[in-house]
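Chemist: Which chain is which? The protein sequence lines are A and B, in order. Sequential numbering from 0 applies to the first sequence in numbering that gives the first Met the number 0. Sequential numbering from 0 applies to the second sequence in numbering that gives the first Met the number 0.
Hints may be right or wrong, so weigh each one.
Interface residues of chain B toward chain A, partial, derived using beta-carbon atoms under 8 angstroms [claimed, not checked]: (1) 62; (2) 64; (3) 137; (4) 143; (5) 147; (6) 159; (7) 162; (8) 163.
Non-contacting residues of chain B with respect to chain A, defined by C-beta distances greater than 12 angstroms in every case (computed) [claimed, not checked]: (9) 269; (10) 364; (11) 426; (12) 431; (13) 433; (14) 440; (15) 469; (16) 480.
Read the hints as simulated data drawn from the structure, not as lab findings. Keep in mind the model is a prediction, meaning the values are calculated, not measured. Glycine is no exception: its CB is placed at the ideal position from the N, C-alpha and C atoms.
Here are the chains, one letter per residue:
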Amino acid sequence: MNDLRTLLPEILVATAATAVLFADLPLRTPVQRRLLLWLSLGGVFLALWATLSEAASTAAFDGMIIRDGLTRVFRVLVLGVAAVGLVLSRDYLVRTGLERGEYYALLLFSAVGAQLLAASRNLLLTFLALELLSVPLYVLAAFARHHRSSQEAGLKYFLLGSFASGVFLYGMALVYGQAGTLDLARLGGEDGLLLRLGAGLLLVGLAYKAAVVPFHAWAPDVYEGSPMPAAAYMSVIAKVGAIAALARLIPLALPGLVDLWRPFVAVLSAMTMVVGNLGALWQRNLKRMLAYSSIAHAGYLLMGLAAGTATGLVASAYYLAAYALMQLGAFGVLVLLERMGLEADEVQDLGGLGDRSPALAAAFVLFMASLVGIPPTAGFVGKFYLFTAALEAGLGWLALVGVATSVVSVAYYLRAAYAAYADEGRPGVRVVGGWWAGAGVAVAALGVLLGGVVGGPVIRWVHIAAGVIP
Amino acid sequence: MMLSALVLLPILGSVVVMLLPRREELLRAVASITFLLTLALAAWLFWAFPPEERGFRWVERVPWIPALGASYQLGVDGISLLLVLLTAFLFPVALLGTWDAVRQRVKEYLSLLLLLEGAILGTFLALDLVLFYVFWEAVLIPMYFLIGLWGGERRRYAAVKFFLFTMAGSVLMLLGIIVLYLRTGTFDVLRLLQTPLPPQDQRWLFWAFTAAFAIKVPLFPLHTWLPDAHVEAPTAGSVILAGLLLKMGAYGLLRYGLGLFPQAAREAASLLSLLAVVGILYGGAVAFAQQDIKKLVAYSSISHLGFVVLGTFVFTLQGMHGALLQMVNHGLSTGGLFLLVGVLYERAHTRQMDAFGGVAKVMPTFAALSLFIVFSSAALPGTNGFVGEFLVLLGTFRADVRLAALAAGGVILSAVYLLWMAQRVYFGPRRVDPDRFTPLTWKEATALVALILVILWIGLYPKPLLERSEAALSLLSARLHAAGEVVR
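Based on the sequences and whatever the hints tell you, model everything.
Modeler: Given below as structure tokens:
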């Protein structure tokens, strides 16, 4: 029974997901169908309450599940992302006739997977959680099933994602072959060729999920084809899950291989920042631009892990929260627009936004500024923290790459922000609005601003995650 | 509390303007009142600041991000006091002088101006390096939009160039700030000023900071963003850009470059003062060749800012005093010159010099006011410009006669191109259409008269400014000389 209690947040979310699936059948009228969203949100908030109300660290299920600071921080993060993801989706789904209970259920199930990734201390469970996170996302990518681009996105994501899972699985097999265990806590002292190879493959598998260069090529195509709110959600949740798994895996399982993985992760981080930001420069399609930006941000997130210190982990976790808010917010602004019944996904579609909806345009500028890392935003505090961690760990060159690529990113983020005010409104584009999505954008904007102006309390809270660093 | 009020007042005003309905007169009234209240507060601070104070006054400190060691700390000393007053003075003048120039998106325009004032004041008042960086970078977004939305034809290019250049420098400073923290364990400027750093650390930290400052000033080979940004910006934007944003760089050199890294500054001084002199002559020579009046003023800025850097890096008390005063003077006179260009452009819709001629015949009052400002920029005795450049040259003579001789050549050069410009625009045969050259509006006239009064005040009686900055500069100079002995 006590073992189950440690999983209460996951159980609550999964229950809500199942309830939504059943409730979808009898609920017919639009008023009744509002219940679907309420049910989903209810599950998420109950899980949030359950997470925040339990403080003690424990292990359960023979040490497979661990509840500590890291678990709590990532659970809160995942649940927050799920809540914002839900409210951003609702108006879009109703508008496009896609509102089916499955959407909410899939979104919630993948959130369960992401939470489990943070709580897992056994590679077998990590793999299951990874699949629980990923499989619903493949379906969400293909959810606009009448659009060929969405089908294509789903298939692409599925094929490459399965391949990544296979790589991860193979890594597990090699690790088991060497160490005879999949328990992360017991892998610590081991070393050997098979373990090294296996650990490398595990990193590669997770790098796929997080869209880290050179395993990133799927991201722009998948995001471009997916329904807008699904792209918003997957661009964040997959990263949260992968970073959570890396944060567990690296310090616990591989302390003996420090000299091996630190330069490896640092190089991945640098390549990802460079390729992501350079790739984004050429994009005219906003979804593709945000996809490359999400790749670039995977690089910044890895910087903290490459540092391998407590500061680095806290910095990565804080930046992950900031990234979630600004990325969801930027996508959220696009969710509120449409061009002749379709998604408004080109830079020109933003034209005239400053006149049509000043609040939305101002929020968009705020998100872009935060993505660049300009104060006073959460993005700045996060990057500042990351650079501090990198310099502290002696990775001066990585910090230099980080700031240089940030300067490059000015060009494309500000082009979009500028278009919102300077360009003429494009015919056919309009602000469709929507109470729920508007609220989601407002929450994200407030978070980005507060995270930059008064980041202190949040950072202090995120510090509890640092406990996993030995 | 006083200083927080000073920074927060314009930011609050900006938010209020954003939330008000689009009624132009109401918005302008709110913005004007905010600017005037800020000016009143700054003037009170100036008046209440005791001349014998060597350190910082009205210091306030609140922990901000304890995990990172960053705190919210503001304070003002004799150096920043002058720049705070200049900031609070130039904004209302710029708004008044360009009242009718902006007709579109007035709400956003005013809101951004107010935000910009808050961020600039914060930059001058911040006494914590993270906070300083936050304000320093926060200036970029409003300025980017001011250039990019209300600017001239090539505004998009100019705005992006401005942003990229400045940010490329600032991120190096960011890394410098972090390394400084890792070495000393604090971002607190008050403590850092008391903490001597080993010379080998100072060297590259100094250059990381100086990269940001030198681009902003701008120092000679890093100046290429300036002509584009100044020319394309709307008039009020040019006034703020030249009058205040460049001062942020010069202030940074004086406060942080010299204050935190005295030995490294000494080592770099000969190179930097040489570049400053090259900038003085180069800016002057290029200004001489311009047909576009606004470009002429933009290049004259490079030349005049060269004096500021020169005065900063000759390490004599007069030099630094002159540099500080020259910052204020340049803000007034070049800000004034940009206002003049704005007034002319509003009427002629061109800035080419050969389109003008005989403006004095159709707008005699304007011509008379203009000449004052031109004289001030050319540093004629009796104006503020003379006091500043004289002090810089005096300080330089004591340090290096050759540099002083070259810089003096720059003074003559600037008198030549400015007076020649005045002669071609205001005098000579009448080439302008008298119907289009309507007399100055009372708002334009008030802005210019206010500027001229301050120019004359500093020109004839600079004592209140000099005496308030004297003690702080002596302290800085004493520290520099102490550091010099350590090197030898």
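Chemist: Of all the hints given earlier, name the ones this structure violates by number, lowest first.
Modeler: none
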